[in-house]
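Peer 1: Residues per chain are reported as follows:
Protein chains: 2
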Amino acid sequence: MTGASSVPVSSGPTTSGPTITRATVTPILIGDPPLLNTQGVHQPYTPRMIVELETDAGVTGVGETYGDTDYLTIAERLAVAVVGQPLSCLNRLGTLVGGDSSAPESTRLDVGGLRGVRTSTKLTASVVSAFEVAALDALGRTTGLPVHALLGGKVRDRVEYSGYLFYRWAEHPVPDAPADDWGDALDPDGVVAQAQRFADRYGFTSFKLKGGVFPPEEEIAAINALRAAFPEAPLRLDPNGAWSVATGISVANELANVVEYLEDPTLGVTGMSEVYRKTGVPLATNMCVTTFAEVPAAFAADAVQVVLSDHHFWGGLVATRELAALCRTFGVGLSMHSNTHLGISLAAMTHVASTVPDLLYACDTHRPWQTEDVITEPHTFSGGCVDVSDAPGLGIELDRDNLARFHERWKAGDVRNRDDVSAMRVARPEWTQPAMPRW
Amino acid sequence: MTGASSVPVSSGPTTSGPTITRATVTPILIGDPPLLNTQGVHQPYTPRMIVELETDAGVTGVGETYGDTDYLTIAERLAVAVVGQPLSCLNRLGTLVGGDSSAPESTRLDVGGLRGVRTSTKLTASVVSAFEVAALDALGRTTGLPVHALLGGKVRDRVEYSGYLFYRWAEHPVPDAPADDWGDALDPDGVVAQAQRFADRYGFTSFKLKGGVFPPEEEIAAINALRAAFPEAPLRLDPNGAWSVATGISVANELANVVEYLEDPTLGVTGMSEVYRKTGVPLATNMCVTTFAEVPAAFAADAVQVVLSDHHFWGGLVATRELAALCRTFGVGLSMHSNTHLGISLAAMTHVASTVPDLLYACDTHRPWQTEDVITEPHTFSGGCVDVSDAPGLGIELDRDNLARFHERWKAGDVRNRDDVSAMRVARPEWTQPAMPRW
Chain A
1 MTGASSVPVS SGPTTSGPTI TRATVTPILI GDPPLLNTQG VHQPYTPRMI VELETDAGVT
61 GVGETYGDTD YLTIAERLAV AVVGQPLSCL NRLGTLVGGD SSAPESTRLD VGGLRGVRTS
121 TKLTASVVSA FEVAALDALG RTTGLPVHAL LGGKVRDRVE YSGYLFYRWA EHPVPDAPAD
181 DWGDALDPDG VVAQAQRFAD RYGFTSFKLK GGVFPPEEEI AAINALRAAF PEAPLRLDPN
241 GAWSVATGIS VANELANVVE YLEDPTLGVT GMSEVYRKTG VPLATNMCVT TFAEVPAAFA
301 ADAVQVVLSD HHFWGGLVAT RELAALCRTF GVGLSMHSNT HLGISLAAMT HVASTVPDLL
361 YACDTHRPWQ TEDVITEPHT FSGGCVDVSD APGLGIELDR DNLARFHERW KAGDVRNRDD
421 VSAMRVARPE WTQPAMPRW
Chain B
1001 MTGASSVPVS SGPTTSGPTI TRATVTPILI GDPPLLNTQG VHQPYTPRMI VELETDAGVT
1061 GVGETYGDTD YLTIAERLAV AVVGQPLSCL NRLGTLVGGD SSAPESTRLD VGGLRGVRTS
1121 TKLTASVVSA FEVAALDALG RTTGLPVHAL LGGKVRDRVE YSGYLFYRWA EHPVPDAPAD
1181 DWGDALDPDG VVAQAQRFAD RYGFTSFKLK GGVFPPEEEI AAINALRAAF PEAPLRLDPN
1241 GAWSVATGIS VANELANVVE YLEDPTLGVT GMSEVYRKTG VPLATNMCVT TFAEVPAAFA
1301 ADAVQVVLSD HHFWGGLVAT RELAALCRTF GVGLSMHSNT HLGISLAAMT HVASTVPDLL
1361 YACDTHRPWQ TEDVITEPHT FSGGCVDVSD APGLGIELDR DNLARFHERW KAGDVRNRDD
1421 VSAMRVARPE WTQPAMPRW
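Chains as they are written, first to last, in this note's numbering: chain A, 1 to 439; chain B, 1001 to 1439.
Don't read these hints as lab results, they were simulated from the structure. Hints should not be assumed to be uniformly reliable.
[Claimed, not checked] Covered by chain B, per the in silico footprint, the following chain A stretches (three or more residues, Cβ under 8 Å):
| hint | stretch |
| --- | --- |
| 1 | 89-98 |
| 2 | 144-151 |
| 3 | 285-296 |
| 4 | 327-334 |
C-beta atoms are modelled at their ideal positions from N, C-alpha and C, and glycine is treated no differently.
Whenever a hint applies, use it, and build me the whole structure from the sequences.
Peer 2: Here's what the structure looks like:
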């Protein structure tokens, strides 16, 4: 494992409370099903990183975030910098990273084209989030308080998630890939069957379909089929910006009375704003607004009606609550975005979601698609909800055997970045990163 | 004392951690010098309220806020509602107040015309803030952590305050009023002498003059005299909205290269925006923007360049950090406002200010004008700064003898509200609340 062991205490402000004596960053690969999106298909294995912070009292807290190389580079630097710092150094984590980021500020799309802008500030925030969650977990374990109590206390005992539906293949087009028994879903019937299984197994009562895979009319048909099968369920469609403004307007008009909101029908503030202005259909985003820097222009243009927070992107749980305050102040809705993640992040998402009064939409989560986890007792979904833990910290325990196994897989393998385009090319050699808009 | 003793445990969400078993609200009157402002003069005694929250572990935390009758009414309701709640119920304090507020939503100016809009939401926030601070103090004492650590940790070890200069009389125009030896300050020489004494005694290196008392040319002369006496000191002038837009523009132009910022030169978003647009002089406010609801319009119009947060107005320390995030996101500056207050609030202000990286201006505080306090070891200012305590909680101890004495004073007296207009009428029977703008 990549580890930063004890170094001399730094010269940060004096403080009482526990001190961080060890920070460990462990890159892992976890199995992922062949879920389709507009960029391509999920790889058989996807990188994540697990962060552990240990204090001078022998308490360890854990966090989780993206595991691509650029994130790991920053995390390894931060792992050195936090040793000797007080556990309550959350407000200085961004500063402690220090130096020049390996990734220059730019506005090009992130790995896979699915995470919005890619700036060094955002990469840093995504790494900081894992350290912040680990510090909160350790602080909670130290004080006997659940993480939600450290965030001002939960306002609800359960957090609702929506069933995250994907067009998918039955299996990866390579040998020895992780497998499951969900079968394929490539048309409206397949999507409805998947939703039904989700509803039966987990009790989800709202659904999001990852779109941008097939021409819009096919995806409209899938949403209408879901509406017929689940007359009361809030429904969402997310093509990850694959449509032109004209197409976005057309789809929005067709689904105006069917969807709860459309997610990223098109790319950019100007286009999103136009789709909303001409249709009145609420638009959610995890691409148009993924950083604080993007908020003013998007809010001024009324480009987004629901921000899908992602505590990784935004810099942690406190930052997520700050985003919630921003949205509340400007009358913009708030829900929660998800990329492939494990139980540490699900715990973190659940804790922070439990503390935000105006988080009124069911949150997204990929977690039901993962058959592996790094915690000893993976969460269960019941009635579409996850119970908020009142145990100290995040309320989870790291499964060190699994962590070691997934890290060995990372060391043995050559997957270092999420790359849905290359994964698709395995099945379709002619595939290249799609030019946007696709339709 | 007005006290709410134990009632059955409420049906809020389950949680671990300490439970609030007793909440006590104590109104007090504290001595105040005859400081002048555009509305009139400070009364000899001004109301404050002290909130104590006790937990099932026998730990007590303290908070402080405005003590006017409307605030007390809400506080007494909240004192009943919090008993039986977890200490970590910060996110639900606003909800726990419940019911209809005694003060209808309106936009009329607050008591004394100095605190911006007066809405029931804002009155509630001002009360909630004292309970939130008390809960954080108790949580800190319970866990051994300073309040700043519960807010993500300090980013500085000292918080800078500015010397808050007032035109003033030597003594109150009534018998048996509290007295001090500062003498009067009614012209530029008097203001400079006061600043010199502040600098010598407390080390302040920036100064704010409360204006709106004399015609603008006299106050400009006072600022210029301060500039001559303190060539390097940041200077601020605050007429509490007493000027017309034209006067504000004129003063701003005259002081463009002299002041760090002008505070509330005129009332309202439109006027503030015009003064800034036509002069480029940064404008600060604790009147134009004092609630989250006022932020969008003011930011859109570029009406304020520095928001003066006041953790009482804004609903507490976490809300102050949310305001900081808002300001950071929109590129608006942040500093801190003060009304007459004691050491509990100074401790709270210092803790939260220590955690906000971009709080780059010296904060305001009235505290040096108070000769009384309700804490056993009142803070000292050195180099214009207050050290950030690393002791558990706020790092202060309630002086119960003083608290009882000031409460007896409240019971014996008839002052129930801050009323600078009536206080001025004692000396000038013809005085009425000034129509704005005065100049």
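Peer 1: Please flag the earlier hints that this structure goes against, numbers listed from lowest up.
Peer 2: none
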